[in-house]
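Colleague: The primary structure of each chain is shown beneath.
2 protein chains.
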Amino acid sequence: MDLDAMEAAQLRLDSLTKPPGSLGKLEAIAKQAAGITGESLPDLSRKAVIVMAGDHGVCEEGISAFPAEVTPQMVLNFLGGGAAVNVLARHAGADVVCVDIGVNADLQHPELVSRKIRKGTANIAKGAAMSREEAVAAIRVGYDLVCELAAKGTRVFATGEMGIGNTTPSAAMLVALAGIPLEQAVGRGTGIDDARLRHKRGVIERALQVNAADPADPLDVLAKLGGLEIAGLVGVILGAAANRAVAVIDGFISSAAALVAGRLAPQALPYMMASHMSLEQGHAGMLEAVGLSPMIHMDMRLGEGTGAVLCFHLIDAAGKIMREMATFESAGVSQS
Amino acid sequence: MDLDAMEAAQLRLDSLTKPPGSLGKLEAIAKQAAGITGESLPDLSRKAVIVMAGDHGVCEEGISAFPAEVTPQMVLNFLGGGAAVNVLARHAGADVVCVDIGVNADLQHPELVSRKIRKGTANIAKGAAMSREEAVAAIRVGYDLVCELAAKGTRVFATGEMGIGNTTPSAAMLVALAGIPLEQAVGRGTGIDDARLRHKRGVIERALQVNAADPADPLDVLAKLGGLEIAGLVGVILGAAANRAVAVIDGFISSAAALVAGRLAPQALPYMMASHMSLEQGHAGMLEAVGLSPMIHMDMRLGEGTGAVLCFHLIDAAGKIMREMATFESAGVSQS
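As given, the protein sequences belong to chains A and B, one line each in that order.
Letter by letter, the first sequence follows residues 367 to 702 of the numbering used here.
Letter by letter, the second sequence follows residues 367 to 702 of the numbering used here.
Check before you lean on any hint, since a few could be wrong.
[As the list claims (entries may be wrong)] Pairs of lysine-lysine, DSSO-like flavour, derived with a Cα cap of 30 Å: (1) B:482 - B:492; (2) B:492 - A:686; (3) B:686 - A:686; (4) B:518 - B:492; (5) A:482 - A:492; (6) A:482 - A:518; (7) A:686 - A:518; (8) B:686 - A:518; (9) B:686 - B:518.
No lab work stands behind these hints: they were computed from the structure.
Isolated chain A, as found in the complex (with noise of 0.2 Å):
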């Protein structure tokens, strides 16, 4: 982080026609977009959601409401862009970048980024979702796609994942990482009823016995008991952080893989941004373990991106304050 650069975009915050630090948030952004990539006034105009899409064994023990060909099915909704997260991202400016890193079925399409490591994760509930050298590899897609894209100027990515059962092992990361109860920790994901919460709580139970993760050591948790599209995701944030860009972090299954990227690099952790807070049960307290605020509470429980998505506006409007308010002397106005 650049601290001259943020000392610059503090004083001309202060300068701004309106008491210090009423604009709150949208004044810790102009000093976070600035500490980040060295600029006071920064251009953040090319943004991109990075749309991880992976598969999980533990579907296999029905812990979801949708059928784990879902994934596959979204993914080429994606690519026609008729999902939630295209339509937001058209919203916003931003490019959808979608990534098979997992998905347990053949894709292809033109736009599509194939990067599978493997057809889905094993059953959590049996062992583990993947090898440690596999946990790597699928960081690494992450971490390179970042640098791709960064290269060709974006810099402001959202978190997005697409993987049918992913808040199951998002919730046993958080478990063994954060050490929050079972409990507090799982919840409803797509809309399960009651019977089946109680279900998908033994299954998460059993995962973390069979796994016995070491919580010192984040790789090992994210590859017992991860996704690939969550592995995929610790690469994209790291990677945001590795080229003075932002990440966006989305929802409860982005927030895991936020947990384990500042496990493993904690100098990443103020390239961070939290977006929203998802309905999802356990995200309140996830974010709490990451150390981050959400901006936005709209009782969004979707993922893909979507609530990442919807606070570009408010990253963009952080921008503009900064370039186009006025200041107590051009206009005028006297100071407390």
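Using the hints, position chain B against chain A.
Modeller: Then chain B, alone, in the frame of chain A:
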């Protein structure tokens, strides 16, 4: 509210490629907008923020961090396009309509809407802010203005205000109307220190005793403890409801107007949307008293309509979700 249009909107929402309800408040906004306008896919592109400006006699008690002369100075800043609300309204593609409804200065500008009822309120610590007739006249100003703008096609109205000292009358109204304890209702406004906060609470306590406003008579509370810009915003909200338009409520002061509007005409409540949760201490209790839940949590405390205008983007997003998302059928995605 048009129940048929709301049902049509709900049917459409449930056909889109996402778990039912998973877009949370975006879905609620789409449905509410349908009920308000009577159209399942309303065009809400014409938007305006109405910034009512008025002064407060209670400033002579020294309750604000800023001198009262800042009110007219900021009005000129709004008209010059340099205030935060101007920047954010341009960002949202919305008009800024600035109204002098009670500034304690002679203001002239080709774009100023001059509807002065009187040059500021009287000091509420010593007696009524204004007469009942003046309060009604100020409500009328807001109401008529919205009728004019609605006739020209504006369908979304954000409430904005400028008036040094106006968290004081707003907090007084909150205590009087909602029975919230003084300590909870009264906050730091533009940023006063502990000593002045204690003083401000004492001033409000005196205002409540001196005026003995009738909590069952919201117009009595508004006239005795309120402000001209607050009364004007009551009219804006009632005018929006009468014109089947959306009223987007800004922060603490605007929410005081919403509280009065909802008490005067409960049938106007479904036409309101809360925008942001202000950092001003009493705002959470105020919104709860009105029955509204805010969309964004940006720790803002500026007023002017800035928080409301920031949420225009989310209202647009809800409309685009309704128009542009693929359905389960069109995208060939399996349902739960």
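Colleague: Hint by hint, say whether it matches the structure.
Modeller: Hint-by-hint comparison with the structure:
Straight-line distance between C-alpha atoms of residue 482 of chain B and residue 492 of chain B comes to about 23 Å, which keeps the hinted pair within the 30 Å bound. Straight-line distance between C-alpha atoms of residue 492 of chain B and residue 686 of chain A comes to about 43 Å, which puts the hinted pair past the 30 Å bound. Of the pairs offered as hints, the one joining residue 686 of chain B and residue 686 of chain A holds, with about 24 Å between alpha carbons and a cut-off of 30 Å not exceeded. Of the supplied pair hints, the one linking residue 518 of chain B and residue 492 of chain B is violated, its CA atoms being roughly 42 Å apart against a limit of 30 Å.
Only pairs whose Cα atoms come within 30 Å are accepted, and residue 482 of chain A paired with residue 492 of chain A is accepted, the gap being roughly 23 Å. About 23 Å separates the Cα atoms of residue 482 of chain A and residue 518 of chain A, which keeps this hinted pair within 30 Å; it holds. Between residue 686 of chain A and residue 518 of chain A the alpha-carbon distance is near 23 Å, which keeps this suggested pair within the 30 Å criterion. This hinted pair checks out: residue 686 of chain B and residue 518 of chain A have alpha carbons roughly 29 Å apart, not beyond 30 Å.
With a C-alpha separation of about 23 Å, the suggested pair residue 686 of chain B and residue 518 of chain B falls inside the 30 Å cut-off, and the hint holds.
Consistency note: the structure conflicts with the earlier hints numbered 2 and 4.
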